[in-house]
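For the protein sequence lines, the chains are A and B, in the order given.
Residue numbers for the first sequence follow numbering that gives the first Met the number 0, so the first one is 0 and each next one is one higher.
Residue numbers for the second sequence follow numbering that gives the first Met the number 0, so the first one is 0 and each next one is one higher.
These are computed hints drawn from the structure, not numbers from a lab.
Check each hint, because a few of them may be wrong.
Restricting the straight-line Cα-Cα distance to at most 20 Å, the calculated cross-link-like pairs of lysine to any residue (SDA-like) are [said to hold, decoys possible]:
#  : chain 1 : residue 1 : chain 2 : residue 2
1  : B       : K408      : B       : P388
2  : B       : K401      : B       : N84
3  : B       : K301      : B       : I246
4  : B       : K242      : B       : I200
5  : A       : K128      : A       : G94
6  : A       : K207      : B       : G21
7  : B       : K204      : A       : T96
8  : A       : K203      : B       : S208
9  : A       : K207      : B       : D274
10 : A       : K203      : B       : N268
11 : A       : K128      : B       : I200
12 : B       : K399      : B       : S208
13 : A       : K203      : B       : D28
14 : A       : K203      : B       : G199
15 : A       : K203      : B       : N270
16 : A       : K128      : B       : A323
17 : A       : K203      : B       : D274
18 : A       : K203      : B       : K204
19 : B       : K48       : B       : I17
20 : B       : K318      : A       : T96
21 : A       : K218      : A       : D264
22 : A       : K203      : B       : L190
Fair warning: this is a prediction, and the values are worked out from it, not measured in the lab.
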Amino acid sequence: MAIKTNKAIKISKKHLLGIQDLSVNDINYILDESETFIKLNQSKNKKIDVLRGKTQINLFFEPSTRTQSSFELAGKRLGADVMSMNMGNSAIKKGETLIDTAMTLNAMHPDIIVIRHQDSGACNLLSQKVNCVVLNAGDGRREHPTQALLDALTIRNRKKKIQGLKIAICGDILHSRVARSNIYLLTMLGAEVNIVAPSNLMPKEIEKFGVNTFTDMKKGLKDCDIVMMLRLQNERMTSSYLSSNREYYEYYGLTPDKLDHAKSDALIMHPGPMNRGIEIDTRLADDINKSVIKEQVELGVAVRMACLKIFCE
Amino acid sequence: MKKQYFINANIIDPYNSINENGGLIIGEDGKIEAIGKKVNTNNLPTREKPTDLKGKYIFPGIVDMRVFVGEPGYEYKENFRTLSNAALSGGVTSVVTMPNTDPIIDNVSIVDFLKRRGRDKSKINIFPCASLTQNTDGTNMTEFGLLAKKGIIAFTDGVKTIQNTRLMSRIMNSAKDLGCLIMQHAEDYDLAKNGMINSGIIATKLGLSSIPDIAERIIIERDLTLLEKTKCRYHISQLSAGKSVDIIKERKQNVKFTCGVSINNLSLNENDIGDFRTFLKLSPPLRREEDREALVQGLKDKTIDVIVSDHKPEDEESKRLTFAQAATGASGIETLLSLSLELFHNGSVKLETIIQALTSNPAKILNINKGNLSIGNDADFCIVDINKPWIVKKENLISKSKNTSIEDKKLQGKVTNTFVKGIELFKI
Chain A
0 MAIKTNKAIK ISKKHLLGIQ DLSVNDINYI LDESETFIKL NQSKNKKIDV
50 LRGKTQINLF FEPSTRTQSS FELAGKRLGA DVMSMNMGNS AIKKGETLID
100 TAMTLNAMHP DIIVIRHQDS GACNLLSQKV NCVVLNAGDG RREHPTQALL
150 DALTIRNRKK KIQGLKIAIC GDILHSRVAR SNIYLLTMLG AEVNIVAPSN
200 LMPKEIEKFG VNTFTDMKKG LKDCDIVMML RLQNERMTSS YLSSNREYYE
250 YYGLTPDKLD HAKSDALIMH PGPMNRGIEI DTRLADDINK SVIKEQVELG
300 VAVRMACLKI FCE
Chain B
0 MKKQYFINAN IIDPYNSINE NGGLIIGEDG KIEAIGKKVN TNNLPTREKP
50 TDLKGKYIFP GIVDMRVFVG EPGYEYKENF RTLSNAALSG GVTSVVTMPN
100 TDPIIDNVSI VDFLKRRGRD KSKINIFPCA SLTQNTDGTN MTEFGLLAKK
150 GIIAFTDGVK TIQNTRLMSR IMNSAKDLGC LIMQHAEDYD LAKNGMINSG
200 IIATKLGLSS IPDIAERIII ERDLTLLEKT KCRYHISQLS AGKSVDIIKE
250 RKQNVKFTCG VSINNLSLNE NDIGDFRTFL KLSPPLRREE DREALVQGLK
300 DKTIDVIVSD HKPEDEESKR LTFAQAATGA SGIETLLSLS LELFHNGSVK
350 LETIIQALTS NPAKILNINK GNLSIGNDAD FCIVDINKPW IVKKENLISK
400 SKNTSIEDKK LQGKVTNTFV KGIELFKI
């Protein structure tokens, strides 16, 4: 299948480290490019060769199912040679630093490194030390740009626009890179963003990003077009932020009665993996009329293909 | 040693309230023989050829109250020899060393080692601190009395804070009985847990755990409340928040204590961290511009007594990591004076106040006869070209570690000569 591309537009950055580095043009360019790959991914022959001869290394320091497999599939469908490294078994365990690992891999001349790391800023550090393109697949609590892009693509596909929409992002904002990337992207594209979280999970001065903050979920969801739920990141919580999961569910879990405050055609999103019965009612998660969670995963591959192609060119 | 004559200098010696153009005579014994405007060409012996300083400044040798040296245990970061060379290039002639070495300075036997090394390898005056608690664990007190007899100048857990209130109260009682100086690094651990930078939009944006300013305030308020009951010699090592300055100003009216500030917190703010610059990962953290301004104001109105370098040499391997993994602290003894002069050049603080906070005030707190140019004292001083422009370059730093917080910064004012006991040990 032939892929039409707009060669005139170039991306303004060498690496994809975060949404905050991108311009509105960059974002629209990536989203437009992603559209073409949606069709490719639904067709019978899913493989093209725009990245033939290129080497892509997936460097995942944190466990990941969907992001890692999505990047791997994206690379393979574009014809790149993809190597996924499980860093749990690597030299890092033997005391090697991130920079040394980077230098070692750099010596093998990869064209793209996709990195996920538990420390904020790890991808920035990596990008300063290697010659190839670095794509951030999530760094600490800072950014997860491809997730925000795929969320935007999902919203755009369903609502045909982003500007003027009212979007609620709910849950564990403090520990969430997905929330941060989405806040940057959605506000940049002209959406009105409501942040809903208990005070203990609300980052300091988040309102300075140009969002409205709510501790009452019903108020935060009022008249929203999109309800984006986040996973409660228990693994990042070092001390008591919440009393219990059941109390959290009672006040911040997405249930039909709370969803009633949003618009009747509101869509439910979740970056996954979900804690059913904690942040989201399991019936809502599976409600095909409201939930677009599976679509997010599907479009994730297309967005990552677009990113790989654009940044690798 | 030959007698030395200097004329036509701008001398500032806050201890003796000297701020005038004049000269300095150093005797054959390396002590100050005469100083001030009376020392000029008219009344010097004609056979002597005095050095004409042409309006350069003479300051007492700087007393830096917060310096980390790598000996013992981290000699690869800094040893006494490299520390003293770095200090001399910045006009620092006396330093108070922190006990956070390996092993920790917490017992009498290691003090002997430290003093011997300090004496043999260092050209400047070394005043070592011992820890407040054994192994800085925050549980059992060290032997304040015995350690003080061995020459320990003050007690502090350095980078750590006494969290246990009952222990802090007992430490204060002992310090009072024995007349010892205790210095606290003010940070509540529970509030600061895993924190790396100031709480606020920068931390939220960078996705880093943060240290709220109240973590500092709570320890300060707790200690000052204890101090009202037990009046010992108490010093807060470094302030970082504007709110802390307010509290100190208020409490100083009722209870006697002193406090310091790092030159980093006086000169930089959290925005300087930029794109995860690990050299600016500091403790206490850099805070908002409003906090920095409040600290400058506190120095100006003398709420804050002392400026320190908080010189913490770290090798490249400890800093070439992600922000979360990188070591805390910056090298700064060489740039302490020049960076402080920025506050004078930009009109924020009077020169005399700055010099006081670098010389006579720390000496007074430590109860040592340093940081002044009194007749009969050791001639520890520096000569400074107060307008000379220069740029901080990593490769030109003398310290063994190059982790400066102000790489490539343009500064105005440079030490040209430093003397200890009348001997010129540094010359540009």
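Verification of the supplied hints:
no.	hint	in the structure
1	K408(B) / P388(B)	holds, 11 Å
2	K401(B) / N84(B)	holds, 14 Å
3	K301(B) / I246(B)	holds, 14 Å
4	K242(B) / I200(B)	holds, 18 Å
5	K128(A) / G94(A)	holds, 19 Å
6	K207(A) / G21(B)	violated, 55 Å
7	K204(B) / T96(A)	violated, 25 Å
8	K203(A) / S208(B)	holds, 10 Å
9	K207(A) / D274(B)	holds, 19 Å
10	K203(A) / N268(B)	holds, 17 Å
11	K128(A) / I200(B)	violated, 27 Å
12	K399(B) / S208(B)	violated, 30 Å
13	K203(A) / D28(B)	violated, 60 Å
14	K203(A) / G199(B)	holds, 5 Å
15	K203(A) / N270(B)	holds, 16 Å
16	K128(A) / A323(B)	holds, 18 Å
17	K203(A) / D274(B)	holds, 19 Å
18	K203(A) / K204(B)	holds, 10 Å
19	K48(B) / I17(B)	violated, 24 Å
20	K318(B) / T96(A)	holds, 11 Å
21	K218(A) / D264(A)	holds, 17 Å
22	K203(A) / L190(B)	holds, 14 Å
The structure does not agree with the numbered hints 6, 7, 11, 12, 13, 19 stated previously, though it agrees with the rest.
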